[in-house]
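Protein chains in written order, with numbering that gives the first Met the number 0: chain A, 0 to 349; chain B, 0 to 349.
Simulated from the structure, these hints should not be mistaken for laboratory data.
Warning: the hint list may mix true and false statements.
[What the hints assert, rightly or not] Under 7 Å between C-beta atoms, here's a sample of chain A residues computed to sit facing chain B:
(1) 89
(2) 90
(3) 92
(4) 114
(5) 115
(6) 118
(7) 122
(8) 161
(9) 162
(10) 251
(11) 297
(12) 300
(13) 303
(14) 307
(15) 310
[Said to hold, decoys possible] Derived BS3-like pairs: lysine-lysine, alpha-carbon spacing no greater than 27 Å straight-line:
(16) 285(B) - 190(B)
(17) 236(B) - 256(B)
(18) 190(A) - 189(B)
(19) 189(B) - 236(B)
(20) 236(B) - 345(B)
(21) 189(B) - 285(A)
(22) 190(B) - 236(B)
(23) 189(A) - 345(B)
(24) 113(A) - 189(A)
(25) 189(A) - 190(B)
(26) 256(B) - 189(A)
(27) 345(A) - 285(A)
(28) 113(B) - 189(B)
Heads up, the beta-carbon is just placed ideally off N, CA and C, and yes, glycines get one too.
Given next are the chains, with one letter for each unit.
2 protein chains.
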Amino acid sequence: MTTPLPTPAQVASPLGLHRVLDPPGVLPQAAWRLDPSPVIAPNEVRVRVDRLNLDAASHRQLHETYAGDPDKIRAAVLEIITTRGKMQNPVTGSGGMLTGTVEEVGPDSPLGLKPGQRIATLVSLTLTPLQITDGLAAWDGQSEQVPCDGHAILFARSIAAVLPEDLPVPLALAVMDVCGAPALTSRVVKKGNIAAIIGAAGKSGSLSAAAARGAGAFWVIGVVPTETEATLLREHKGLVDEIVIADARDPVGLAEKVEQAGGPADVTVVCVDATGCEGGAILSTKQGGTVIFFSMATSFSAAAPGAAGLAADVTMLVGNGYVPGHAEFALDLLRATPQVRGLFEKRVRP
Amino acid sequence: MTTPLPTPAQVASPLGLHRVLDPPGVLPQAAWRLDPSPVIAPNEVRVRVDRLNLDAASHRQLHETYAGDPDKIRAAVLEIITTRGKMQNPVTGSGGMLTGTVEEVGPDSPLGLKPGQRIATLVSLTLTPLQITDGLAAWDGQSEQVPCDGHAILFARSIAAVLPEDLPVPLALAVMDVCGAPALTSRVVKKGNIAAIIGAAGKSGSLSAAAARGAGAFWVIGVVPTETEATLLREHKGLVDEIVIADARDPVGLAEKVEQAGGPADVTVVCVDATGCEGGAILSTKQGGTVIFFSMATSFSAAAPGAAGLAADVTMLVGNGYVPGHAEFALDLLRATPQVRGLFEKRVRP
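So here's chain A without its partners, still in its complex pose (with noise of 0.2 Å):
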């Protein structure tokens, strides 16, 4: 039996096996290097992108590698974009997401998705072919979102949300690139919980604590590290019932804390981006209950051991960024509650 040599297009993999250059047959997430090109297969989508939203780990880290220095932050980006054909920064690990207008959707493109359309990627910039062609030009080598001109490639597994019309597009590119923590904590949470939230201030713990509320957590611990933060959440009203001060790098001094705001928790979800922070997590838990890491920071070896040494029976999940219907579930939440969108609309410059 003779089998015909496969066409480029025939081989079109849906989770986009045949755009990884190197090193070959990985997924392209773990790809070195991905192939940019325009062209699309059948079940593929081009996007003309607009805009960048790096991902927070990402950011500081070319931030402090830099010393904020933007003209060198702009070049940095664009030579991992270049070298990589994705923006996925080699020290973190970490991309991000973009924003575009759907340009060409090939005929078997399962994603539902039609020629100017606006979209977010709901999949990371880790795994997205990427090919910048102003040379971020218009980017002020300061902020997270990164304005630009440039294609990137969807495939057929990849996820891609329409944007909203009633909100503004940072805001709605915010929301969305937090989405999977208040989908995974809503289902986690259950009616006449205690949860903590770490984090509460920032995107991902505010809509944290919002859907553990609407899960029906009886009560609501934020934490965050600073007075600032602290303030913050007082002028949000009703988003957390108790506020805690404290550094959540310290395990017992953070345990102590919570335990005077009303916890340990039934589910403690971690949403700050520092390392360290497990430990804390662990004994703030109560035993049987369940911590979410949403941090990239969290390690597998502080994990495990930590909850170990604690004795610590509690279940431990990885925060998975992909929830069915994460992003719709993460904009209502913001649009349901004005303390969210409130403290969103601080850290979002339109």
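Take the given structure of chain A and dock chain B to it, following the hints.
Relative to the frame of chain A, chain B by itself:
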């Protein structure tokens, strides 16, 4: 109502905070120095230690630093224990475990131990107050097994397991070392599930396969990296229903083979200490299924965006080293499953 001042004994912390000398206020594991005084608080237990089992990384570091000189290595270990009040290698940060005989049990200890029982500690030496009285004279300064005389202190929230009389000590210790995996697997797998065990011929893997079966799994797929490991599984027929030889770091290859073997799985258990297994585990798991990561080599920044990038709605659990009753559960599995016992006996030197 007047409250009498608490005595030191009354405020003995379940986590051992009262034994922390330097710096004050941190958890025992993070402390530089613990108080190993033999006088116990009402919630503590004193153990007469007969053997330390040094962690492999610590053992190697000591050997390399002192070029294998037994007297220098012995002096170094003694110096660490004397200075720090615990056996925590200051370079590697790691410890090990110990065996000994229960000497005195405080009236408020919740551990359920009785004087005279031979036990192993399942919390790390890095957080266990320890004093050595024989100068380690019986140790050859070479083996990671250190015969010794002295005492150790267990806190209320320590974990210790009584050594079974029907099993050789090295075998029992090997089981206890990985006992968190089968206990959590058993909790997660439901009747009728398809389970995939990555690293099924290993210690935690074979126990997890038996645990999945015991929890009612309808079909157990054992993934191994080599033909040699596959032969091991075939020689212990019945532990798994189907054997897959695959590189777990190759997501696409792994998922394809798991599917051919009856997958994707409802529950995938990762029991191999290799980096880069996140994508394959996620891709081998059904939408709505669960991945349990027991590997310390797992990376949050691979697992979380990985799932999102694959549009995979899977629950991802960090394997907790502690589930109540885990040691007894694992020992019972080994006793009841000749295949598991056979695999362990091939791997554990008597």
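Status of each hint after checking the structure:
1. For residue 89(A), the interface hint is violated, since its Cβ never comes within 7 Å of a Cβ in chain B; the closest pair sits about 12 Å apart.
2. With a cut of 7 Å, the hint placing residue 90(A) at the interface with chain B is violated, because the nearest CB-to-CB distance is about 11 Å.
3. Checking residue 92(A) against chain B: minimum C-beta separation of about 4 Å stays under 7 Å; hint holds.
4. This hint is violated: residue 114(A) has a C-beta 22 Å from the nearest C-beta of chain B, more than the 7 Å allowed.
5. Taking 7 Å as the C-beta contact cut-off toward chain B, the hint placing residue 115(A) at the interface is violated, the least distance being around 24 Å.
6. The criterion of a C-beta within 7 Å of any C-beta in chain B is not met by residue 118(A), whose closest approach is roughly 15 Å, and the hint is violated.
7. Residue-level restraint check for residue 122(A) holds (minimum Cβ-Cβ distance to chain B is 5 Å; threshold 7 Å).
8. For the restraint placing residue 161(A) at the interface with chain B, the shortest Cβ-Cβ distance is roughly 16 Å, beyond the 7 Å limit, so the hint is violated.
9. For residue 162(A), the suggested interface contact is broken, since its CB lies about 18 Å from the closest CB of chain B, more than 7 Å.
10. The interface hint given for residue 251(A) holds, since its Cβ lies 6 Å from the closest Cβ of chain B, which is under the 7 Å cut-off.
11. Of the supplied interface hints, the one on residue 297(A) holds, with its beta-carbon coming within about 5 Å of a beta-carbon of chain B, less than 7 Å.
12. Checking residue 300(A) against chain B by beta carbon gives a least distance of about 5 Å; that is within 7 Å, so the hint holds.
13. Proximity of residue 303(A) to chain B holds as hinted, the smallest CB-CB distance being about 5 Å (cut-off 7 Å).
14. For residue 307(A), the shortest C-beta to C-beta distance to chain B is roughly 3 Å, which falls under 7 Å, so the interface hint holds.
15. Checking residue 310(A) against chain B: minimum C-beta separation of about 4 Å stays under 7 Å; hint holds.
16. Between the alpha carbons of residue 285(B) and residue 190(B) the distance comes to roughly 16 Å, so the proposed pair stays at or under 27 Å and holds.
17. This hinted pair checks out: residue 236(B) and residue 256(B) have alpha carbons roughly 20 Å apart, not beyond 27 Å.
18. For the proposed pair residue 190(A) and residue 189(B), the alpha carbon gap of about 24 Å is at most 27 Å, so the pair holds.
19. With a C-alpha separation of about 23 Å, the suggested pair residue 189(B) and residue 236(B) falls inside the 27 Å cut-off, and the hint holds.
20. Restraint check: the Cα-Cα separation between residue 236(B) and residue 345(B) comes to about 15 Å, which is no more than 27 Å; the hinted pair holds.
21. The straight-line distance between the Cα atoms of residue 189(B) and residue 285(A) is roughly 24 Å, inside the 27 Å bound, and the hint therefore holds.
22. Between the alpha carbons of residue 190(B) and residue 236(B) the distance comes to roughly 21 Å, so the proposed pair stays at or under 27 Å and holds.
23. Between residue 189(A) and residue 345(B) the CA atoms are separated by roughly 46 Å; this puts the pair beyond 27 Å, and the hint is violated.
24. Of the pairs offered as hints, the one joining residue 113(A) and residue 189(A) is violated, with about 39 Å between alpha carbons and a cut-off of 27 Å exceeded.
25. The hinted pair formed by residue 189(A) and residue 190(B) meets the criterion: a straight-line CA distance of about 24 Å does not exceed 27 Å.
26. Only pairs whose Cα atoms come within 27 Å are accepted, and residue 256(B) paired with residue 189(A) is rejected, the gap being roughly 38 Å.
27. Distance hint between residue 345(A) and residue 285(A) is unfulfilled; the C-alpha atoms sit about 33 Å from each other, more than 27 Å.
28. Taking the CA atoms of residue 113(B) and residue 189(B), the gap is about 36 Å. The hint is violated against a cut of 27 Å.
Against the hints set out earlier in the document, violations occur for numbers 1, 2, 4, 5, 6, 8, 9, 23, 24, 26, 27, 28.
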